[in-house]
Structure formats: C-alpha cells, structure tokens
Amino acid sequence: MSKNNRQRSARERIAEERRKEAARARQRKLLLGVLGGITVAAAAVVVVVVTQNNASRSDQKGIAYTGPLAPTVRQADGSILMAKDGVTAPTLEIFEDFQCPFCKKLEDSAGDAIYKAAADGKARVIFRPFQLFQAPGHPEPVPSVSRRGANAALCTPPGKWASYAKTLFAHQPVEGQNGFENKDLLNWARDLGFYDAGFDKCVTGMEKAGDLAKATQYAQDQKVNSTPTLRLNGKDLTPEQVNQILSSPSSLEQILTTAASAPSTSPSPATTDK
Amino acid sequence: MAKDVHQRPGRTSESSHRRWFLVTTALLSLAGLAVSVYLTLAHYDTAVSLVCVENSTIDCASVTSSGYSELLGIPVPVLGLAFFVGIGALTTPWAWRSESPLLRWGRLGAVIVGVLFVVYLVSAELLVLGKICLWCTAVHVITVALFGFVVADEYRRIGQRT
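So the sequences go chain by chain: Y and R.
Start counting the first sequence at 1; every next residue gets the next number (the working numbering).
Start counting the second sequence at 1001; every next residue gets the next number (the working numbering).
The hints are simulated quantities; they were obtained by calculation from the structure and are not laboratory data.
Incorrect hints may appear among the rest.
Label-pair restraints from in silico Cβ distances [unchecked claim]:
id, chain 1, residue 1, chain 2, residue 2, range
1, Y, S251, R, L1102, 29 to 39 angstroms
2, R, Q1160, Y, E140, 52 to 62 angstroms
3, R, L1127, Y, A15, 45 to 55 angstroms
4, R, A1082, Y, A213, 33 to 43 angstroms
5, Y, G121, R, V1113, 29 to 39 angstroms
6, Y, L31, R, L1127, 20 to 30 angstroms
7, Y, N178, R, A1145, 43 to 53 angstroms
8, R, V1037, Y, V40, 49 to 59 angstroms
Partial selection, computed: residues in chain R whose CB lies under 7 angstroms from chain Y [as the list claims (entries may be wrong)]:
id, residue
9, Y1120
10, A1124
11, V1128
12, I1132
13, L1134
14, Y1155
15, G1159
Remember, predicted model here, so these are calculated numbers, not experimental data.
The C-beta atom is built at its ideal place from N, Cα and C for all residues, glycine as well.
Construct the entire structure; sequences and hints are all you get.
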C-alpha cells in the first residue's frame, strides 16, 4: 500500500518533470522562432530599404513636360517668364529652391496646372530659382545640392525650363544626401535633347553662380525666407492658399481669376526685370 | 530546483494576469493611439504650412514629408492609427484573459508585423533620410514595448499549459 503510494508519487514526479521539460521546450521554441524569425526578417527589411534607395538613385531619367506651354523667355536677371502673347496681368511669381521638399510637392501636384495657366493666358508666371538653403543654417551637402540644382536650371534654355525643372524636382535628393551630381545634371539634358558643350561648361563650371547669388540676394531683399513662396501681383499667397493649390490644383485658376478681376492695387516692383 | 512559484495547476491564466500588466499594456496602447491620432491630424491638417524655411532646425517635417511617409499610397500615420486600434482591442483585459487561439495568434502576429514595420521606418530614417522624427520614435518605442509584453505573455502561457 505505502509502496504503491510511493511508486505512484514517483511516477507522478517523473510525469511532472516531463511536463515541465516539454513546457520549457515549447518556451525555447517560441523564443527561438519569434526572435530568430524577427532578426532574419528585420535584416531582410534593412537590405530592401538600402537597395531600393540605391536603385532609385541610379536609374534617373530626364522627364519631359509635354503639356501646353506659353512662350518662355529668360529675363535679364536669370528668372524665367512664361506668358501668352499680350497677357500682362496678373503676375504670379514663384520663388523656389530645387532642394526644397515642399517645392517638389508644388511641382508634383500643381506644376502642370501652373504651366497650363500661363499657356491659357490666365497669368504671367515668373519662376525665380534661388538658394534658400545656405550654410551654416543647413549643413552640407544641402547647400551644395541646392546650388548645383539652381545653377543647372539657370543654364537651361528657356524652352526646356518646364521639363528640366520637372526633372530636378522628380530626382530631388533626400535632404542631407548628395545628389544633383554634374554627371546626372548633364545626362538629364541629354535625355531631354538639349545637351551641348555650352550647357556642359555652364554646369560643370558653375557659370551661373553669379546670377544665382544675385537671385538669392533679390529673394532676401524681397523678404522671401521660405519656399515655395507664391507671389500674386506682388502679394504673397497665404499658406492656406498655397495648401489649397497643393491639395487641389484646380483652385489655382480660381485664385488667378479673382486676382485678374480685382483692380491691381499693388503692381509689384518685383515683377520688373533687374 | 526552482519548484514552485509558477506551479499553479488548475488555475487558468485568467487569475495570473497581474493588474500592473493589464494596466501597463492598456496604457501603452492608449498612448500609441493618442500619438497616432496626433500624427494623422498633423498629416491632414492644412493649417500647417507646407514650406521650407531658412535656417530651420531638423525636425519631424522633413521625415513626415519624405517619400517614406506613405506606403502603397496610405499615409504611415493612418497605418499607425489602424495598428493601435487593433492592438488596443487585443490588449484589453478581456482579450488578455481569453484563451482563444485566434486572439493570441492575432496579437502575436500584430506585434511582429508592428516591430518589422518599426525596423523598416527606423532604417529609412537612419540609413536614407539621416533624420529622426521624435513623435514617430515615441510610437516605435511603444510598439517594441508591446511586442515584449505580448511575447512574455505567450512565453508564460505555453509554460503553464499542461
């Protein structure tokens, strides 16, 4: 009897030990499965992020703008004027930096609407590229990227402005990363069919650095300290208006129509050359 | 050896979820939900000026406006919001007490996906953008903490199962 009890309790102890061992094995399996699986998957995720980023940087092509375009000329100060013949008002000025993510957003969402507005005679549009991002407020390479982008844009023939600006924004380097390398800037001109020795020299020799410095000084004189700044008849559009254009490009037309019908009270000195 | 402490045969996990565990995980889920709501509102709030400013110091804007702020067209804050609504439901005391395999697998699967998404976002921040967004980091820390709690809970449960 007591022997039986002892045997049973011994069996129970063994069974209990086995259960515990099995439980510990399951716990090990869980940890190994979850943590091991996560480690492998995490490594894969990191590799994908890095390779995708590298891939997106290497096969960048020039992007042609094929929509309607108003006659485009470069003004004496380097700015670009798009205006249908005979259209004198309203004047929409766009101050932009090719390294600015929100300028990219503007181009992505409303760029075509802006070119079309100029082509349709809804406005005279003046593009004023300048270097917003300066040292020491912005660490390298941001200022250099900004400078190279703006210089190349200033070297571009006016008729190719829309396409080249579109290309620069499409391939805008992530802030803080290098980009707008001369090799790329030249290749995009080849893609867009306007590469020549003059453009090459202008880009690699930073030949428009002087114009760019003047444009930047002009923007500072005009108290433009953020981009994109959209100035209609000499008056800055409010952030709400800019956001409205970003979220719904068709609102641009409405804003321009309102400006056209309102008496132009403040013809801006900013709209004149030099 | 270590005989005891956990030897409670016959008792279900219902009684073994300590109060601090339930409270902590619920609070973490709520905090994650709150930050996600904030980031989602910030994402859609048109009153926030979308401009680049001279001499701006590095902040969330350059991260939340980057190409990594959306996945398959869905804004990341919205994904975060959906995640915390789900994990919030799965970390209520009722859900913790349930032995339903569906809830347990769902909870474990959710935090694993969450942690992998954190790895994706943090590697984009560190390796591609070179910038960190503090609010996003708060969400990441909460997600990893919830992952720890869920795995610890599963570890305990399968150790108890007879």
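Here's how the hints hold up against the structure:
{"no.": "1", "hint": "Y:S251 with R:L1102: 29 to 39 angstroms", "verdict": "48 angstroms, violated"}
{"no.": "2", "hint": "R:Q1160 with Y:E140: 52 to 62 angstroms", "verdict": "58 angstroms, holds"}
{"no.": "3", "hint": "R:L1127 with Y:A15: 45 to 55 angstroms", "verdict": "53 angstroms, holds"}
{"no.": "4", "hint": "R:A1082 with Y:A213: 33 to 43 angstroms", "verdict": "49 angstroms, violated"}
{"no.": "5", "hint": "Y:G121 with R:V1113: 29 to 39 angstroms", "verdict": "53 angstroms, violated"}
{"no.": "6", "hint": "Y:L31 with R:L1127: 20 to 30 angstroms", "verdict": "28 angstroms, holds"}
{"no.": "7", "hint": "Y:N178 with R:A1145: 43 to 53 angstroms", "verdict": "36 angstroms, violated"}
{"no.": "8", "hint": "R:V1037 with Y:V40: 49 to 59 angstroms", "verdict": "33 angstroms, violated"}
{"no.": "9", "hint": "Y1120", "verdict": "5 angstroms, holds"}
{"no.": "10", "hint": "A1124", "verdict": "6 angstroms, holds"}
{"no.": "11", "hint": "V1128", "verdict": "5 angstroms, holds"}
{"no.": "12", "hint": "I1132", "verdict": "12 angstroms, violated"}
{"no.": "13", "hint": "L1134", "verdict": "17 angstroms, violated"}
{"no.": "14", "hint": "Y1155", "verdict": "5 angstroms, holds"}
{"no.": "15", "hint": "G1159", "verdict": "5 angstroms, holds"}
In this structure, the hints that do not hold are numbers 1, 4, 5, 7, 8, 12 and 13, in rising order.
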